[in-house]
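Engineer: Keeping the supplied structure of chain Y fixed, place chain V upon it in accordance with the hints.
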Amino acid sequence: MNEMNAVRKPPVATTGIIGWLRINLFFNWTNSLITLFVVYCLYQFIPWILDWTIFSADFKYNYLGEQITNQEMCSRNLDPENGGACWAVIYVRFYQFIYGFYPKVEVWRVNLAYIMLAFALLPLLYAKLPYRKYFLYFTYIFPVIAYFLLNGGLGFTEVSTNKWGGLLVTLVLGCTGIALAFPIGIMLALGRRSKLPVISMMCTLFIEFIRGVPLITLLFFGMVMLPLFLPEGIDMDGLVRVLVAVTLFQSAYMAEVIRGGLQAIPPGQYEAAKSLGMSYWRMNLLIILPQAIRISIPPIVNTSIGLFKDTTLVIIVGILDLLGIGRGTLADTNWLGLSYEIYFFVSLVFFIFTFGMSRYSLYLEKKLKTGINMGAD
Amino acid sequence: MKKLLSIFAVVAFAFSAHAGTLDDVKNRGFLKCGVTTGLAGFAAPDDNGEWAGLDADMCRAVAVAVFGDRSKVEFITTTGKSRFPTLASGEVDMLARNTTWTISRDVNLGFEFVGVNFYDGQGFMVPSALGVSSATELDGATVCIQTGTTTELNLADFFRLNGISYEALPIETNDEGKENLFAGRCDVYTTDASGLSSTRAAASNPDKWVVLPEIISKEPLGPLVRHGDHQWGDVVRWSLNAMIIAEELGITSENVDAQMSSNVPEVLRLLGVEGNYGEMLELSNDWAYQIIKQIGNYSESYEANVGPDTPLEIARGLNALWTQGGILYAPPFR
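As they're listed, the protein sequences go chains Y and V.
Under the numbering used here, the first sequence has 60 at position 60, and the numbering climbs by one with no breaks.
Under the numbering used here, the second sequence has 111 at position 111, and the numbering climbs by one with no breaks.
For the record, the hints were derived by calculation from the structure and aren't laboratory data.
Hints may be right or wrong, so weigh each one.
Said to hold, decoys possible - Below, computed lysine-lysine pairings styled on PhoX-like, alpha-carbon distance capped at 25 angstroms:
| no. | chain 1 | residue 1 | chain 2 | residue 2 |
| --- | --- | --- | --- | --- |
| 1 | V | K81 | Y | K309 |
| 2 | Y | K163 | Y | K104 |
| 3 | Y | K309 | Y | K133 |
| 4 | Y | K163 | V | K72 |
| 5 | V | K293 | V | K72 |
| 6 | Y | K104 | V | K72 |
| 7 | Y | K163 | V | K81 |
| 8 | Y | K128 | Y | K369 |
| 9 | Y | K163 | V | K26 |
What the hints assert, rightly or not - Sample of chain V residues lacking proximity to chain Y, with all beta carbon distances greater than 12 angstroms (derived):
| no. | residue |
| --- | --- |
| 10 | E137 |
| 11 | A168 |
| 12 | D187 |
As the list claims (entries may be wrong) - So the derived label-pair ranges between C-beta atoms look like this:
| no. | chain 1 | residue 1 | chain 2 | residue 2 | range |
| --- | --- | --- | --- | --- | --- |
| 13 | Y | Y343 | V | G20 | 41 to 51 angstroms |
| 14 | Y | P143 | V | G317 | 47 to 57 angstroms |
| 15 | Y | L228 | V | G20 | 18 to 28 angstroms |
Cβ atoms here follow ideal geometry from the backbone N, Cα and C, with glycine treated the same way.
One chain only, chain V, in its complex shape:
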């Protein structure tokens, strides 16, 4: 199947690689961005039918970089299965669809991950009544696990490494896992930590559930584009980086206008007051200013969509800046 997919990817790629994506997007007048069909905090339609979430913000940031207008984006919903063919065939210009960056996707499927907008990892959730404080105490537990995912393999590895046993209760969807856990048919539910948080937030009494501290896998989620179009890859990459650098420099959507007269050279370069970085990307010179003005910096997007003040209550953790104990790190803007 994977091989077949990659053949599709290559064939479709051969058809679509003729012109620069950036020019295509500019000519079309709007960006086509692939998102999930709905994942709490990452991309979901709000009450007005506007897509909101961390991934949706990523799409909007790129639209702002190209057009200076956050509404110039069309969201195309994709599922775990349809996302790669959709990107490969050129139906979308980019994916921001909580997709884990792996070598096979990066190399074999012919895509290019341009960065990481959320560091996720597989975790465990148990009822607090179970009195467990670490996943290593889960000997003999019944675990709800989505079949056919990397989480299944990670789970087996983790339990074998720790010399403890478990009984798997195979499930198909997140909803099913939630129902089984809440009904007590399994003791533990394991999936990505962000997914656990949304499951916990959906519970009638969230305090009855705890997410254990162990994170047993690396799941760097990030936006991706087709291989071979470096100019377009750069636009998406630096749209993300601009948001991270803005947080580093303390520029927010509120103070961005005041920062235009800052005396910090990197701030002036980022906002397009000095240098011609926009021109290099074939964008307008205030592209990063517009992103910060219209979307906000990384922290603002994070806090609004998944942060501790939202029902998801995901602490910054690994997603904090490298200066604040996390691993979020963008190359210098010069």
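So here's chain Y without its partners, still in its complex pose:
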């Protein structure tokens, strides 16, 4: 009997690398076939893309060793057999991609704002940060600092927003849109579920109207019609008008996302809070919203990523964001025809930001254990 009880290792076929391969990639014959097909595609694709983007590509100099200043000097245009991507266009135009037309002497202000943005986001993203409370104070005042830093005033020379461009505009639109839409969205969601008919009707009307029109329409509305409503003499900045449109759009979507979260909270939570004598606001702030927002993290990140990408639409009202600068570059006779490089670069930048957002939301979900049904346990 003793031999029977001796510890036996699990079969080789279910553990280690081989086991993993067997279970995940070669489980049955369709599975194996798909695996082989994908491996073949990657085998065809990866060497080619690596060769094009890195090994045969020009970064600053072409294969003759000259510094590239226009598209004719790219290796692939000098000798079609010889070249991959011509990244020199990104190298030469890097400043424009990141800062737009921001004056070079003032550019430290943008850099400072970028760095401060990182510090402002830190306490929001990482709860275990030492001295988090003080960092949070900084986060609250950051928008004000950033405004004066980027736009001017308080002793800084003014840099009008039509000199802004590239990543700067993309980030300003994305961050402001997401940050402002969140509180507005919460208010709208609560308003829509309110028992006061006027408030609930107004919120519903607002949400349905904004959701019912495309973002482009709202951008045009902001660009063309908003100035007509303002009293004479008040000149609203073009970027601000776009920001208004983007924020309205995003907050309507955010409201619906959060309302979804609110609906998932069991009525017992409301009743328990009320039985403790909590007021409406205390109940929502302390009991309902923390749970509702926790459940809504995936769709919140979803709409935020959506907005971040939608900011590229501002080109139609004549604001040059990252993609707009790319298109402007393509219109320079020096760089005609380098569309693959430019679109590749722009999509890479967007991918880095959106992928970062999506990974962060996964981390957050894991940390807050949103998978568990909180209300019932």
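Structural biologist: Positioned in the frame of chain Y, the structure of chain V alone reads:
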């Protein structure tokens, strides 16, 4: 939509027409000029973030006329859709945005085209391997065409007039047309000739493509201002004319100083040595001298931005002076 636009235009105009634009510009200290978001040869940011191109030069010329300084201009990017509301609402002082001069834009939208800085027209581009030398041989061809543009209507007219048939492949943007043509999904791409030239220049092997000789529409592109401010309209109009007249008289940015002591009366009038034409426009008397000195004459601007030596390789054609077989013609400077 058009009606709606014109209502906006009128309403916005009522708000903005209170003071002379020239005074506004002078008080502000710089010119606000509406340009494209990027069109090869006409307006595009260069590597240093400076706007360059034929339209950008037009803006700079006006800035030089008013301030004597080519940097006193702020470029506001506009799209095909946003350009008219932007001008109507007073957000820009003028547009130089390869805009075709048509009666409805001139009259109904309440703008004033002050001249033509580029005579364009719709043309066709085909692969040279197709062996076609004239657009009338394109019977049965697949044509890439931007939807919702006048080019679409012109195309239909042209093929009907010539009794030949075509199949349209609708596209949205110039980029899309380029990709479709290069990939062989259509035999012909049709748009404005200047656009065809930039498409051809962007090809990996430009010699494989030919632009056919037929030009099937009139597309006079020019700067425009709001209706009703004639003083400002005159400033923009004569900034353009000064560049054209300078070419006629053979004055360039290089020889302009030597020309100050010319014995040709019109040269002396243009450069402000004689007469008080600057004063009439409420500008300094050397305004035209400064334009020629800092921007150059029309030919210099053309050659630097779109001419045969640039990748766009657009021959002067209609844009040559009237004395040289083109139709570029400015009223006399007296």
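Engineer: When you check the alpha-carbon spacing of K163(Y) and K104(Y), does it fall within 25 angstroms?
Structural biologist: Holds, because 11 angstroms separates the two Cα atoms, which is no more than 25 angstroms.
Engineer: Is it the case that A168(V) keeps its Cβ farther than 12 angstroms from each residue Cβ in chain Y?
Structural biologist: Given that every Cβ of chain Y is farther than 12 angstroms from that of A168(V), nearest at about 24 angstroms, it holds.
Engineer: What's the verdict on K81(V) and K309(Y), does the C-alpha distance respect the 25 angstroms limit or exceed it?
Structural biologist: holds, 21 angstroms
Engineer: Look at the Cβ atoms of P143(Y) and G317(V) and judge whether their distance stays inside 47 to 57 angstroms.
Structural biologist: Holds, at about 54 angstroms.
Engineer: Are K163(Y) and K72(V) close enough, with their CA atoms no more than 25 angstroms apart?
Structural biologist: Given that 25 angstroms is the threshold and the Cα spacing comes to 14 angstroms, the pair holds.
Engineer: Mind checking the alpha carbons of K163(Y) and K81(V) for me, to see if they're no more than 25 angstroms apart?
Structural biologist: Roughly 21 angstroms between the alpha carbons, so the hint for K163(Y) and K81(V) holds.
Engineer: Checking one constraint from the list: CA of K293(V) to CA of K72(V), max 25 angstroms. Satisfied?
Structural biologist: holds, 15 angstroms
Engineer: At 12 angstroms, judged by beta carbons, does E137(V) keep clear of chain Y as stated?
Structural biologist: holds, 28 angstroms
Engineer: If you draw a straight line from the CA of K104(Y) to the CA of K72(V), is it 25 angstroms or shorter?
Structural biologist: holds, 17 angstroms
Engineer: If you draw a straight line from the CA of K128(Y) to the CA of K369(Y), is it 25 angstroms or shorter?
Structural biologist: holds, 17 angstroms
Engineer: Starting from the range 41 to 51 angstroms, see whether the pair Y343(Y) and G20(V) falls in it by beta-carbon distance.
Structural biologist: The hint (41 to 51 angstroms, Cβ to Cβ) holds, given that Y343(Y) and G20(V) are roughly 45 angstroms apart.
Engineer: Does D187(V) clear chain Y by more than 12 angstroms, comparing its Cβ with all Cβ atoms of that chain?
Structural biologist: holds, 21 angstroms
In the structure shown, a violation is registered for the earlier hint numbered 3 alone.
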